[in-house]
Each structure stands twice: as structure tokens, then as C-alpha cells.
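Chains as they are written, first to last, in numbering that gives the first Met the number 0: chain X, 0 to 500; chain G, 0 to 500.
Since the hints were derived computationally from the structure, they do not count as laboratory data. If you're wondering where the values come from, they're calculated on a predicted model, not measured in any experiment. Honestly, I wouldn't trust all of these hints.
Quick list of in silico lysine-lysine cross-link-like pairs, DSS-like style, CA-CA up to 30 angstroms [stated by the list, open to error]:
#	chain 1	residue 1	chain 2	residue 2
1	G	Lys490	G	Lys177
2	X	Lys165	X	Lys383
3	G	Lys177	G	Lys337
4	G	Lys228	G	Lys31
5	X	Lys177	X	Lys383
6	X	Lys31	G	Lys31
7	G	Lys383	G	Lys228
8	G	Lys31	X	Lys228
9	X	Lys31	G	Lys228
10	G	Lys337	G	Lys228
11	X	Lys228	G	Lys228
12	G	Lys93	G	Lys123
2 protein chains.
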Amino acid sequence: MNTGFEELRRRLGELQDLEKTAAVLGWDEETKMPALGADARAEQRATIARIAHELHTAPELGELLEELRPFEEEHEFESFEASLVRIARSDYDKAIRVPADLRADLSRLASHSYRAWLNAREQKDYGVLFPFLERALELRRRYVECFAPYDDPYDPLLDIYEPGMKTVEIEPIFDRLKEALVPMIGTFAEARVDDSSLRGHFPRDAQRRFSLLVLERWGMDRAAWRLDKTVHPFMTAFSPSDIRLTTNFHEDSLHGLLSCLHEFGHGVYERNVDPRYTRTPLAEGVSSAFHESQSRMWENLVGRNLATWRFFYPQLQEAFPDHFASVPLETFHRALNKVEPTMRRVDADEVTYSLHIIIRFELERAMLGGELDLRDLPDAFDAKMREYLGIQPSDVTNGVLQDAHWSDLTFGYFPTYALGNVVSVQLWERAEAAVGPLDDQFERGEFTTLRDWLTENIYRWGRTFSPQELLQRAAGGPLDPEPYVRYLERKLNDVLGAAVA
Amino acid sequence: MNTGFEELRRRLGELQDLEKTAAVLGWDEETKMPALGADARAEQRATIARIAHELHTAPELGELLEELRPFEEEHEFESFEASLVRIARSDYDKAIRVPADLRADLSRLASHSYRAWLNAREQKDYGVLFPFLERALELRRRYVECFAPYDDPYDPLLDIYEPGMKTVEIEPIFDRLKEALVPMIGTFAEARVDDSSLRGHFPRDAQRRFSLLVLERWGMDRAAWRLDKTVHPFMTAFSPSDIRLTTNFHEDSLHGLLSCLHEFGHGVYERNVDPRYTRTPLAEGVSSAFHESQSRMWENLVGRNLATWRFFYPQLQEAFPDHFASVPLETFHRALNKVEPTMRRVDADEVTYSLHIIIRFELERAMLGGELDLRDLPDAFDAKMREYLGIQPSDVTNGVLQDAHWSDLTFGYFPTYALGNVVSVQLWERAEAAVGPLDDQFERGEFTTLRDWLTENIYRWGRTFSPQELLQRAAGGPLDPEPYVRYLERKLNDVLGAAVA
Numbered sequence: 000m001n002t003g004f005e006e007l008r009r010r011l012g013e014l015q016d017l018e019k020t021a022a023v024l025g026w027d028e029e030t031k032m033p034a035l036g037a038d039a040r041a042e043q044r045a046t047i048a049r050i051a052h053e054l055h056t057a058p059e060l061g062e063l064l065e066e067l068r069p070f071e072e073e074h075e076f077e078s079f080e081a082s083l084v085r086i087a088r089s090d091y092d093k094a095i096r097v098p099a100d101l102r103a104d105l106s107r108l109a110s111h112s113y114r115a116w117l118n119a120r121e122q123k124d125y126g127v128l129f130p131f132l133e134r135a136l137e138l139r140r141r142y143v144e145c146f147a148p149y150d151d152p153y154d155p156l157l158d159i160y161e162p163g164m165k166t167v168e169i170e171p172i173f174d175r176l177k178e179a180l181v182p183m184i185g186t187f188a189e190a191r192v193d194d195s196s197l198r199g200h201f202p203r204d205a206q207r208r209f210s211l212l213v214l215e216r217w218g219m220d221r222a223a224w225r226l227d228k229t230v231h232p233f234m235t236a237f238s239p240s241d242i243r244l245t246t247n248f249h250e251d252s253l254h255g256l257l258s259c260l261h262e263f264g265h266g267v268y269e270r271n272v273d274p275r276y277t278r279t280p281l282a283e284g285v286s287s288a289f290h291e292s293q294s295r296m297w298e299n300l301v302g303r304n305l306a307t308w309r310f311f312y313p314q315l316q317e318a319f320p321d322h323f324a325s326v327p328l329e330t331f332h333r334a335l336n337k338v339e340p341t342m343r344r345v346d347a348d349e350v351t352y353s354l355h356i357i358i359r360f361e362l363e364r365a366m367l368g369g370e371l372d373l374r375d376l377p378d379a380f381d382a383k384m385r386e387y388l389g390i391q392p393s394d395v396t397n398g399v400l401q402d403a404h405w406s407d408l409t410f411g412y413f414p415t416y417a418l419g420n421v422v423s424v425q426l427w428e429r430a431e432a433a434v435g436p437l438d439d440q441f442e443r444g445e446f447t448t449l450r451d452w453l454t455e456n457i458y459r460w461g462r463t464f465s466p467q468e469l470l471q472r473a474a475g476g477p478l479d480p481e482p483y484v485r486y487l488e489r490k491l492n493d494v495l496g497a498a499v500a
Numbered sequence: 000m001n002t003g004f005e006e007l008r009r010r011l012g013e014l015q016d017l018e019k020t021a022a023v024l025g026w027d028e029e030t031k032m033p034a035l036g037a038d039a040r041a042e043q044r045a046t047i048a049r050i051a052h053e054l055h056t057a058p059e060l061g062e063l064l065e066e067l068r069p070f071e072e073e074h075e076f077e078s079f080e081a082s083l084v085r086i087a088r089s090d091y092d093k094a095i096r097v098p099a100d101l102r103a104d105l106s107r108l109a110s111h112s113y114r115a116w117l118n119a120r121e122q123k124d125y126g127v128l129f130p131f132l133e134r135a136l137e138l139r140r141r142y143v144e145c146f147a148p149y150d151d152p153y154d155p156l157l158d159i160y161e162p163g164m165k166t167v168e169i170e171p172i173f174d175r176l177k178e179a180l181v182p183m184i185g186t187f188a189e190a191r192v193d194d195s196s197l198r199g200h201f202p203r204d205a206q207r208r209f210s211l212l213v214l215e216r217w218g219m220d221r222a223a224w225r226l227d228k229t230v231h232p233f234m235t236a237f238s239p240s241d242i243r244l245t246t247n248f249h250e251d252s253l254h255g256l257l258s259c260l261h262e263f264g265h266g267v268y269e270r271n272v273d274p275r276y277t278r279t280p281l282a283e284g285v286s287s288a289f290h291e292s293q294s295r296m297w298e299n300l301v302g303r304n305l306a307t308w309r310f311f312y313p314q315l316q317e318a319f320p321d322h323f324a325s326v327p328l329e330t331f332h333r334a335l336n337k338v339e340p341t342m343r344r345v346d347a348d349e350v351t352y353s354l355h356i357i358i359r360f361e362l363e364r365a366m367l368g369g370e371l372d373l374r375d376l377p378d379a380f381d382a383k384m385r386e387y388l389g390i391q392p393s394d395v396t397n398g399v400l401q402d403a404h405w406s407d408l409t410f411g412y413f414p415t416y417a418l419g420n421v422v423s424v425q426l427w428e429r430a431e432a433a434v435g436p437l438d439d440q441f442e443r444g445e446f447t448t449l450r451d452w453l454t455e456n457i458y459r460w461g462r463t464f465s466p467q468e469l470l471q472r473a474a475g476g477p478l479d480p481e482p483y484v485r486y487l488e489r490k491l492n493d494v495l496g497a498a499v500a
């Protein structure tokens, strides 16, 4: 055994332990912590982050990675050994580019700015956030400069979430989506889909029981998963065999159920990473877009699918007999697939969601490039809402202040949501080409074929390949919006056809 | 501001963050973690412990503490400044006495040995644990040698949990307890107290609701406390304003309720430490015996008190109407105070509990001193059970294998349980002398006077004083078993009197 490689594993193992520990602190904070625990928790998280950052940027780690170059070359590209050295070096090179004081400034500002965002929303006053946003943009520009030279100043931000992705690749995809999706909104509107069956009184306990019933059918095993209550749903994994889903059930809607299906997609990805990768940086989903492709796949492609509901609908009726006993399956399914512009991104359907994202991507680029003065951001936001979605936000809390993402400095993250939609259908088409029509299986309550194909082609690899390499291997080509557009057109026909019939 | 002192605060703050983080990992493991998360969690805990140990024994910390001697002397003994330097130095001196490799051996053995204990219990075979126990004793002897010279080899072990306490102080106290308690068992037995009212069917939800009703009356505020389910009840605090109680409600008994009252005592102590001490080693209970004195006080002196139940019993009857509607308060109260030897320590009442402890203390000393061959431990255990409690364990799982405490290497811990009983009544007598009879207040549902007295005299000080200093200040003297003996004699008369009447 190579002693340098063993030393690398030891260092990366400790780093993973700290990162997963930070995740435990975060999960507890969001789901369990009493309110007054917040101050001490902030200190605990800051200390763990500081120590992790020290280990992450230790010069000894850099030297070790250099020493391991011949070792890496002796091993196959996709071997555990070569992949671990390669990914660790890439993470290290990225980490040391950013000076410690800039990192500290960014993290301090993020927490102040987040509180300013909460205040701005309360006061419905963009002016409260403005100075923080100005400073955020300034710090993010300094961050970008750490990665010079670059083709586009947006590239280093995108690279945080989508390693290797370039802005120039995204632009034509988003242009194509705008061209295809904007007209769809009008066509859907004409169908006047009735979604009143999704509103009513749904007791939380029954929602939870039914959600677990679906998730367990899909592959959630209680020995490795939990589902807890939170304000904003998320998934976090403390190892491939400790997966925490969170959701928020509201008694007047089934949003909590749908968010369970979404978070399951994130969870099933982490759960099926090769267990040999545990305690290494290979042991997680390869990028935000790939992760989102899985949450979207299980929420939308599986979870809003008629065949899936042919299997589950009788059990849903049993869970809420007063509500669904007299609602035909097809009515429920159409309601689940209704398309209608909403002011808030998080309430959006499959068609309008990507348009919400494109608005934000375009505004982020304009802010970063200096073409858009931050003073004009609220108006620019509303103008794009009118242009792409045909609606005017009722006030700033439903307009420019609706997301936390700019106040918390996560510029560059938004596009990965829409790219997730694109990737999800690319993978779906390849899966069906390989294993045959999935609907027949879903109707019988069988979801293992899809999960196994995804595990074999995506999940198990963790971060072994770059997102681009993985997409090439699994979907046979680069990012391509056409499968997603075709999928929405098919859905348009199905739902409109059924609504008209 | 003294820069050396600021540096000390920074170092101690980080250390506290790591220790509290380790506590979060432990709490999650016991209350929430899916079973398959165990391996990764063990690694996470080991890494945090290793880093904490490095910070704890850093030579720079030792130098800093030396530099701060004049600063310490400039400040009053009980000032925050002098206390922090003093306690940090005492912790540091203790930590560096033990070589890192011995600490690592101890912690590795503890986890292997704990698993061996579980196996030994399953196979009802002491032989499975024996080699681990032999090794544990050997390592503990090496640990003791790190603290030479000592008066008694048991002293350094006791000192882990009860700083400054000497074995020679405990012996006469335990002798006095044996002399007083052993005969009480027979007297109680003659009273033939009927405790059948404590058995029945008690739905978990109702137990939880009633337990919270009591705890909130006693001072549990939801903004800073939680109550969760676990296998073995415990309390852990992540800061003075983040207190986690755990319990285990069984449908056939009220043990879970009583364990809530017990853990509340631990929690109320941590909750009321001076908030200025947060993120310093002063911010916790001063010793195991003092901590146990508080869990015992709230469980027994308050929680098994007739006046307390005059207030709560109507609400207990409301919570379990089928069960308690026709049971008179006095019958319930007598049942709650029944004395009867049990095989298992954790099931013991107020009289026999201390005898269980004395058995273990005597055996630990004999093992450590070499007078007792480990091969003879099971027989020696049973012999003492017959001698002090008049019963013979049915098998090794109810005999020598009933506790995890030897397998997990916590020799020296047991005595603090019985000392907690002793201290609890010493404090109680002083509290009543200062604020008047507490029963009148309890009957009216008022518990703040007691809590405030304890906060003022014990809780708020954290680790400012040594246990001996604190007891002297609060109870006016050293450890004294007489108040505890008097209390049990009074209870004997009350319960027997009532039973006879």
C-alpha cells in the first residue's frame, strides 16, 4: 500500500468528518434546536468551518497531492485511487485560490445580509437590503478575480456549483427554453385545468403516513433514512447510509407531499453512491444540476406521472377518503400537472419554473457585468416577470425579495435548477431506451428498474467523473434542451387532450 | 483588556465549541440517527475528539496559562477572570498528565469492551467480557500511575468525576449509610406497601403530555429545552440555553415520567449557569455528585413528595382517568415511595439505591487494589447483593453484567450517584432553613422559590468553586450523611404510618 495515498485518505477522511459534522449541526438547527440555542450554534458552526478550512488548505495537503502525481498516473482514470487524487487536487486548487480573509468576509457578510433580507421582507423595503447587496456584489467580484483569467466573469461563480460548466454553454440552452416555454403558458391557460381537488383539509399525520408509503415503495429504508419537519424542506446526508429528508406539511395543501418526493430524489442519489467512497470527497452527487436532475426526476417525471398514480391513487383515496373518494384519478392527475404562472418561484409548475430561473440568471449576469445598476434591480425584476410570465409581482416580497439566494451570496446557483430539469429528461430518455417503457412498471408499483439504472449510470459514481463526462457517458451527449421541451409538449397534449375530452 | 486573557478565551471558546459539537453528535446518535449511520458517526466523533484533545493539550495553552498567573492574582478568587484561568489550568494540568497513546488505547478499548459487554449479556456469559475487563483494569492502573503520588489508587479515578474528592472521605460516609439503610429494608418490607396503582396501561402520548405539564410548571421553557425519546434516558446541554432531555416511555409503567423528573434536575442545573460563562469551561455543573444531587432532588425530594402531588394529582387523574380516578392520592403517594430490594440498580428505590452503589464502590476498590481476582468478580458481586440487599441475582445479566460502567472503563463514577443523594438532602435542609417550608409552596404549584435558591447558591456558579468549596458555602459544611439518613427515617415513618393507619 502506498503510504502517501494512505496519508491522503487520512486527511480527506478527517475533512469529511468535519464537513459531515457541520451538516449534523445544520440539520439539528433547522429541525430540532430550541430557538435560544441559535447563538451557541453559530459559534459551533463557525469553529468547525474554520478548522475544516485549515485542513482543506493545508500546504502539506498540496505537497502530498503533488507527490501523488505518479501514483495517480499508474492507475486507471476511473479507479478509486486516481479519482480520489484527481478530485482532491481539484478541490484543493480551488480552495487555495481564495485568501482566508476574503472567505471570512464572505461568510460574515452572508449572515448579516441574510438577516437584512429578513428585515427587508418584513418592512417590504428593498432599501434595507440594498447596501448589503452592494457589498455582496463587491465581494463576489473580488472572489471572481481570484480565478482570473476567465472567459466570462460569471464562470467562476457557476463553477462553485457546476464544476467545469461555462456560461457560454448555458446561454443557448436558456434561449431555446424561453422560445419554447413562453408560448406554452398561453396554451395551457386555455385548457382551464381545474385543480380544486388539491385544496382542502389534509391532516398532517395522514400526509406523513402516505408520503412515507410512497417513499418506502421507491426505496427509502428506515435503517438509513429519516423524515423530519422543517420550515424550508431540504435533504442532507451524513454518510451514504444516513440520509435525512425534511419537509413541511400544511393542512390545506399537498405541497408537503410533493416536497417529500423532491427531497427523495436528492436522498436516493446520496444513498446509492458507492459505499467504498464513504469518508472521501467522492462520496456525493457530482454537481447541483445533477442533484437537481434527480429531485426533479422523482418529483416530476415519476411523481406527476399518470402511471405512478394508477398504482398509488387508491391508497391516496384511502388516506383522505372524505376528500378523494369522489375525485376521478384523471382529474387529480390533471390538477397535479396544471400550468399557471405564479409570482413565487417555489410555487411554480414544470413549465414556468425554468422561466423563473432564467430571469434570475439574466439579472445576475447583468449585475455582475455592471450593465444593471443595483438601484434598478426591483424594476428590472418586475419587467422580466411581466415579459416571460405575464404577471406583475404584488410587492417586493413577491418580487425581487422573494429568494434568499442573493442576500446569502449564492450568485451562480440559480441556473443549476433549470439545468436539472434539462438533465432529468435527457437521462429519462436514455433509461427508457435501455430498459423499456417505465410506465408499465410504475403501474405495477415497481420502481427498482429506474432506480437501478440511475444507480448504475449516475449515483454510484459520486464525483468520479466531471458533470460533463458523466452526462456524456450516461446520456450520450452534452446538455441538450430538446428532450425537456419534447416532454413538456407531450404533457401539454396529454393534459389538454384529457381536459378537452 | 488583557490580550493574553482574550487569547485564552478564544482558545477555550473553540474547545467548548468542539465539546458541544461532540455532544450534538452523541445526542443525535442516541435519539435520531438511523441504525446504519453508526459507522460514519463513530468516525465523526473520533475526529472531533482527536482535534479537541489536541487543542486541550497544546503546549501554547500551557504557556499562556503560566503567563496569566499575575493576571489571575490581580483578580478576586471568585471573579470570572481568576476562575477561568484557575479552572482552565487545572483542566490542562490533568489533561497533559496522560500520554496521548494511553488515551487512545483507553478510548479504543472502551468501544470494543462495550460491544463485548453487549455480547456477554446476550450469551449470559461473563467469560465473554472477562479478557476485556482484564485489559480495562490494566489500562486504568496505567492511568492511575500518571497521577502518582496519590494517597489511594482509587483517588485519581474518583477525581475524574469529583474533582478534589478523596477515597478516604467517602469510606466513613458509605459505612454510615450501610449501617442505617440495611435495617430499613426490613422495616419497610413489613409495611407491605401496595404499589399496584403504578402498573397498568398508560398511553405514551398521555405520559408525554403530563410529563411536560410538570416540567413546564417546574421551569422548562420550550424556547430553550426539548424532550426526546431514547433507549437510556440522559440529559445533555449544548449551551445554557439549549437543553436536551431524553426519556423512554413504556406503556405499562410510569418509569418514563419519573426519569423525566430526574433528567429535569440535570437540565435545570445547566440552564441556570451564569450566561456569561457560555463557551468557557465554567459553564457546567461542578461535579457528578452535585449534578446527581439535582437530578435526585427533583426526582425524589420534589417528585415523590406528597405536597407536590397534592397539586399535580388531579391532573394525573385527568391524564389517565380510567386508571387513577378511583385511586386515592395517598395510595398513589405511598406506592411511589415503596421500598423493596430489586436486582437491578436502575429499578431501585431511594433506600436501596445507595446500597447498590456501595456494592460497586467496594468491588471497584478491591479490583483495583488486587485483593479481588477478576475471575471471582461474579461471585463477589452476588455475595454482596445477598449481604446488603438480601437477594440473589437470577443470572449474570441481573448480576455482574447489569451495568455498562465497567466495560466502558468508567471506574470511579459509581460513588457519585450515592454522594448525590447525600448532597441533595444537605442542600434541601439549608434551602428550607433559608426560605421556610417548601411543602406549602409545592401544594400551591409554586416551585420557583426552591429553583431560585438553588440557582443563587449552586447553579449560577458553574465550576467557579470546587465541589468542596461549593458545598461549604451552600450547605455550611463538608459531606454529611446524617440529613439523608434523617430524611429516609422520616419517610419510613410517614409511609409506614400511613400504611398502618
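Each hint tested on the structure:
1. The straight-line distance between the Cα atoms of lysine 490 of chain G and lysine 177 of chain G is roughly 17 angstroms, inside the 30 angstroms bound, and the hint therefore holds.
2. Restraint check: the Cα-Cα separation between lysine 165 of chain X and lysine 383 of chain X comes to about 23 angstroms, which is no more than 30 angstroms; the hinted pair holds.
3. Proximity of lysine 177 of chain G to lysine 337 of chain G is assessed by CA-CA distance (about 19 angstroms); at most 30 angstroms being required, the pair is judged to hold.
4. For the hint linking lysine 228 of chain G to lysine 31 of chain G, the alpha-carbon distance of about 9 angstroms falls within 30 angstroms, and the restraint holds.
5. As the CA atoms of lysine 177 of chain X and lysine 383 of chain X are separated by approximately 12 angstroms, the hinted pair is consistent with the 30 angstroms bound.
6. For the hint linking lysine 31 of chain X to lysine 31 of chain G, the alpha-carbon distance of about 10 angstroms falls within 30 angstroms, and the restraint holds.
7. Straight-line distance between C-alpha atoms of lysine 383 of chain G and lysine 228 of chain G comes to about 34 angstroms, which puts the hinted pair past the 30 angstroms bound.
8. Between the alpha carbons of lysine 31 of chain G and lysine 228 of chain X the distance comes to roughly 13 angstroms, so the proposed pair stays at or under 30 angstroms and holds.
9. Straight-line distance between C-alpha atoms of lysine 31 of chain X and lysine 228 of chain G comes to about 13 angstroms, which keeps the hinted pair within the 30 angstroms bound.
10. About 27 angstroms separates the Cα atoms of lysine 337 of chain G and lysine 228 of chain G, which keeps this hinted pair within 30 angstroms; it holds.
11. With a C-alpha separation of about 16 angstroms, the suggested pair lysine 228 of chain X and lysine 228 of chain G falls inside the 30 angstroms cut-off, and the hint holds.
12. A threshold of 30 angstroms between alpha carbons decides the hint, and for lysine 93 of chain G with lysine 123 of chain G the separation of about 38 angstroms lies outside it, so the pair is violated.
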